[in-house]
Amino acid sequence: MAAGLTACGGSSGGSDKGGDSADKGGLSPAQLAITELQQASKSTEKAESAKVEGDQTQGTPQGEISTKTEGSLDWSGGGTTAEMTVTQQGSGANGLPTSGKPMPARYTEDAMYVNLGDQFASTAGKGKHWMKYDYDKLAEQAGPSGALIKDQMQNNNPARSVDLLLASGKVKKVGSETVKGKKTDHYSGTIEVAELARMQSKKLSDKELEQLSDQLKQQGFKTEKVDVWIDAEHLLVKKQERAKGTNGALDSTVFYSDYGTDVSVEAPAGSDTVAFEDALPGRS
70 MAAGLTACGG SSGGSDKGGD SADKGGLSPA QLAITELQQA SKSTEKAESA KVEGDQTQGT
130 PQGEISTKTE GSLDWSGGGT TAEMTVTQQG SGANGLPTSG KPMPARYTED AMYVNLGDQF
190 ASTAGKGKHW MKYDYDKLAE QAGPSGALIK DQMQNNNPAR SVDLLLASGK VKKVGSETVK
250 GKKTDHYSGT IEVAELARMQ SKKLSDKELE QLSDQLKQQG FKTEKVDVWI DAEHLLVKKQ
310 ERAKGTNGAL DSTVFYSDYG TDVSVEAPAG SDTVAFEDAL PGRS
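At position 14 of the sequence shown the residue is numbered 83 (the numbering used here), and the sequence of numbers has no breaks.
Derived by calculation from the structure, the hints in this document are not laboratory data.
Beta carbons: idealized from backbone N, C-alpha and C, even for Gly.
Any given hint might turn out to be false.
Unchecked claim - Simulated DEER-style distance windows between Cβ atoms:
#1 107 <-> 341: 15 to 21 Å
#2 115 <-> 191: 22 to 28 Å
#3 196 <-> 139: 27 to 33 Å
#4 188 <-> 115: 39 to 45 Å
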């Protein structure tokens with residue numbers, strides 16, 4: 070599930086073609102873009118759930134990994150829940166027993182569960198198919214990056230990508246396009262990595278934010294380009310996030326549809342679940 074991004078305010082934007090000339094209601098193109106995105110954020114937030122279809126490619130030291138996700142997402146409660154199918158492949162995924170195989174995944178408010186299949190169950194899974202990633206433990210073990218992942222997984226609201234553009238203060242309307250049969254307005258902006266970590270979460274300490282920013286810089290990330298497509302009902306239809314790092318590029322595209330869909334998620338049976346930390350090599 071593609072991680073959402075947090076906003077932390079913003080009151081100005083980049084200029085569209087035509088500079089600062091007045092548009093509807095006396096607003097400049099930049100002011101109009103901000104007004105429209107603010108409405109899109111509110112409408113998407115209120116919708117509370119949607120069907121999701123995403124594709125992501127990411128460079129790693131082992132090679133590129135491609136991840137496809139499909140399912141339903143709900144952000145109506147105290148945290149985000151989802152029922153997904155995840156498929157990974159590519160050179161970075163070679164050697165994994167799940168490479169190229171669709172994996173059922175469930176996201177509750179405090180953990181992520183992935184069904185890694187029979188081969189995993191017969192070896193590292195100790196007879197159990199589902200791997201549990203507890204967000205609190207992930208945050209403890211992975212430090213600042215883990216804390217950020219926890220925040221993103223618990224608050225993976227599509228509106229956050231819209232909010233990120235607003236927070237950047239550098240957004241413009243690119244044009245109008247048809248996306249999966251819907252007429253949409255396309256908005257774009259670029260965020261400096263030095264500011265990205267602070268925008269992503271308000272829950273990290275200054276020290277953690279500094280460490281996270283340093284980690285991103287070490288990976289070669291300087292900027293991230295964010296694009297969103299908004300339909301006539303002020304709902305997010307598509308988002309794309311792109312960045313280039315030392316190990317290659319990150320390119321994530323997610324489509325949203327059927328807002329208001331019913332989503333019901335339950336954690337897998339404990340008898341068929343093993344915690345991530347208990348499945349690590351050397352753990353009995």
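Hints versus structure:
no.: 1; hint: 107 <-> 341: 15 to 21 Å; result: violated, 45 Å
no.: 2; hint: 115 <-> 191: 22 to 28 Å; result: violated, 46 Å
no.: 3; hint: 196 <-> 139: 27 to 33 Å; result: holds, 28 Å
no.: 4; hint: 188 <-> 115: 39 to 45 Å; result: holds, 43 Å
Hint violations for this structure: numbers 1, 2, all remaining hints satisfied.
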